[in-house]
Structures are given as C-alpha cells and as structure tokens.
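One line per chain: the protein sequences are P and W, in this order.
Residue numbers for the first sequence follow my numbering, beginning at 2 and rising by one.
Residue numbers for the second sequence follow my numbering, beginning at 312 and rising by one.
Do not rely on the hints blindly, as some may be mistaken.
[Stated by the list, open to error] Partner residues are not named here, just some residues of chain P that face chain W (Cβ under 7 Å, in silico):
1) Q42
2) P44
3) L46
4) A108
5) G109
[Unchecked claim] Per label pair, the in silico range of CB-to-CB distance:
6) Y11(P) <-> P426(W): 23 to 31 Å
7) G4(P) <-> L425(W): 27 to 35 Å
8) I322(W) <-> P62(P): 27 to 35 Å
No lab work stands behind these hints: they were computed from the structure.
We treat Cβ as the ideally placed atom computed from N, Cα and C, and that holds for glycine.
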Amino acid sequence: EAGVVQSPRYKIIEKKQPVAFWCNPISGHNTLYWYLQNLGQGPELLIRYENEEAVDDSQLPKDRFSAERLKGVDSTLKIQPAELGDSAVYLCASSDGQGGDIQYFGAGTRLSVL
Amino acid sequence: AQKVTQAQTEISVVEKEDVTLDCVYETRDTTYYLFWYKQPPSGELVFLIRRNSFDEQNEISGRYSWNFQKSTSSFNFTITASQVVDSAVYFCALSVRNYGQNFVFGPGTRLSVLP
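Same shape as in the complex, but just chain W (with noise of 0.2 Å):
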C-alpha cells in the first residue's frame, strides 16, 4: 500500500525566517513519482515540484528547495526567507506506475507566515 505521512499539522514562523516541511512516504514499488503542491486560500492546488524514484538530486528554485532521500523515504521541502505570502496549505504526493499513477496525498502542512 502506498502512504505519505506529514507529521506537522501547522507551523508558523516570522517573515524571513527558513521553514522545513517534513514529507514520508511508503511504497514497495521502485519507480515512483513523489510532489509537492501548495494550496492558498483560493482553494487551487498549484503544482511546485516533480522527482522521480530515479533522481535523488536535490534542487533549489528560487527561495525553494527540496531535499529526496531514498534512505529515509523522505521528500523534505524548504522555503528560504520565507514571506507572507507563502501562507498556504502544502501537501506532499506520491504517484506509483504500478498503482495507475493515482495520487496518495499527505494530510498537508499548514504554514502560516506572520509579519
């Protein structure tokens, strides 16, 4: 079965300050797909990151990072110098080939940002 696990229901921190957002997922397939996405208030899921199983090479893209680990099964994400208006909620997905690509969501993290 496939699971991802955000174990932080909230956090908040003060502008500027840098903030991880833990991600743990399950599987036994080998070829997965693993992302990150962000919904504000407005409601939409907005896309931010894609990894494959294959690829443990972390990426930085702008005041975003995001740290795979295949030996903690882990997909950590960090946002540098962080602003208001990086409040939102963010989940953490995982998509199997052998599971018809569907999406397992985490349970989200929910930042709040403060001035």
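So here's chain P without its partners, still in its complex pose (with noise of 0.2 Å):
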C-alpha cells in the first residue's frame, strides 16, 4: 500500500515569489493534516481537513496561507508571497479518521526562501 506522497520534495525560491506544496493521502484515509516543522522543533498544526472540510485551520497564516483538498483526496498548500521565515520544512499527514487515530507522515517539503 503506498503511503503518503508529498511533491516536490525540495523547493528554493526568492522572497516574496508564490509557491504550492502537493499532497497525496493514503488511500480511504479521509483526515489530512499540514503541519509546519522548523528546525530543531517538533511539527505544528497548520491545517486539518476531514473529507473536504477543513475542521481546524486556527494556526493557518491567512493572509499568505491557503490550502484546498478537491473532492476529499489530494491537497495544496499554497504560499503567497513567500517571506524569508517560510523556510521550514512542510509535511503533511493523513489517517482514518477514528478515534485516537494514528497519524502516517510523508516524507515532507524542504522549502528555502532566499
């Protein structure tokens, strides 16, 4: 079974210049999660959609920050425009959606800004 697919993997891009980050959920999983993960920290909620809905966008940065799930499966996390303090690296997760439900990560993008 595949898991979560995140592209690209790496992206530089100058300050103030837009840029998408792409997500691919395992499949049936019907809960996706961004999070934003800076260096030599843990992972932090950005967003969490249950199908198509997001549920909990509180800690998503609106006026630069946007994010879609189409039709309940794929995601884009949008940037626009980028500033310096978005280098970090972006992950997303999906799970079930049951209780207590474990969380499966892919392998993140490693955005730099210059």
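With the hints in hand, could you dock these two chains into one complex?
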C-alpha cells in the first residue's frame, strides 16, 4: 500500500514569490493534515481536513497561506507571497479518522526562501 | 492546554548500549492518546507506538519498550542494545479527544548511536 506522497521534495524560491505544495494521502484516509516543522522543533499543525472540509485552520496564517482539498483526496498548500521566515519543512499526514487515530506522514517538502 | 516536554535535546550512545528517551505530557483531559514517532534523516516521521490513557500496561516490541506512568505524566521510551540505524530524532506526541484529536508534538530528542 502506498504511503503519503508529497511533492516536490525540495523547493528554493526568492522572497515574495508564490509556492505550492501537493499531498496525496493514503487511499481511504478521510483526514488530512498539514504541518510546519522548523529546524530543531516538532511539527506544528497548520490545518486539518475531514474530507473536503477544513475543520481546524486556526493556526494557518490566512493572510498569505491557503489550502484546498478538492474532492476530499489530494490537497494543495499555497504560500503567496513567501517570506524569509517561511523557510521550513512542510509535512502532510493522513489518518482514517478514528478516535486516537494514527497519523501517517509523508517525507515533507523542504522550502528555502532566499 | 496541552503540552509535551522532551527535556533531552540530544543523546549520544555507543552501539549496544541501552538508552531511554524521556517524555512528559500535560493535559487536563482524562481521555487522550500518546505516541512516539521516529524521524530519520530522510525526513519522514515513522509511527512507533500509540497508547491510550486507560491502558498503563507497559509494552515491549523487540528492542523497543515503553513505560507509561499516569502518576508522573510520563511516557518514556527505551531502546535496548542500540544500533547505528536507531540514529534519528524521536518525537513524543499527545492527542486529546476534546482537542479535535490534533497532535501536540514535543520538541524531539536527537539520538546518535556511534559505532
């Protein structure tokens, strides 16, 4: 069974440019998460989807970040415009939505903003 | 509020030594789950174990064992006879039912196993 797939693995952009990350969750997982991981820290939740609905986006900086999960499968996270402080690893995870469910993570996208 | 503390930032051991990674959590909820994840240099977080708040039975899986103690709010992880492949960052995480099942991660402990 395929795991969570993220692309690209690495992205280097200049500040003020837009950038997008893509995530394909494990088949059948209705819950999808986007996390931000700064160097030397644990992941921090940005947004959580239950199917197509964003049920928790309280930590998403909505002035520059946006996300979508059309058809409740793949998801895209966008930053526009990117700032130097956005340099980090962006992780996607999915779960089957059961209580205390295990989250399965992708390999992440490492973003460098110059 | 929910919080996870991993006081050990970095640990170095020599291969075949035993090593224990500490995790202390905070929550007022009575129903919660605790997790350990491993993050090797490749970057992907790999699930290791989940425990719920009603099951304090300790667990052993091969060279891994976990000690869950509600009285001290701790969920420690021990690797017996460590190997170089165990080198990674290990994260403890807390999931609380009344917090939408969102994970709160600790800051991680970087384990280096030297040959």
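Exercise for the section: Provide an ascending list of the numbers of those earlier hints which the structure does not satisfy. Expected result: none
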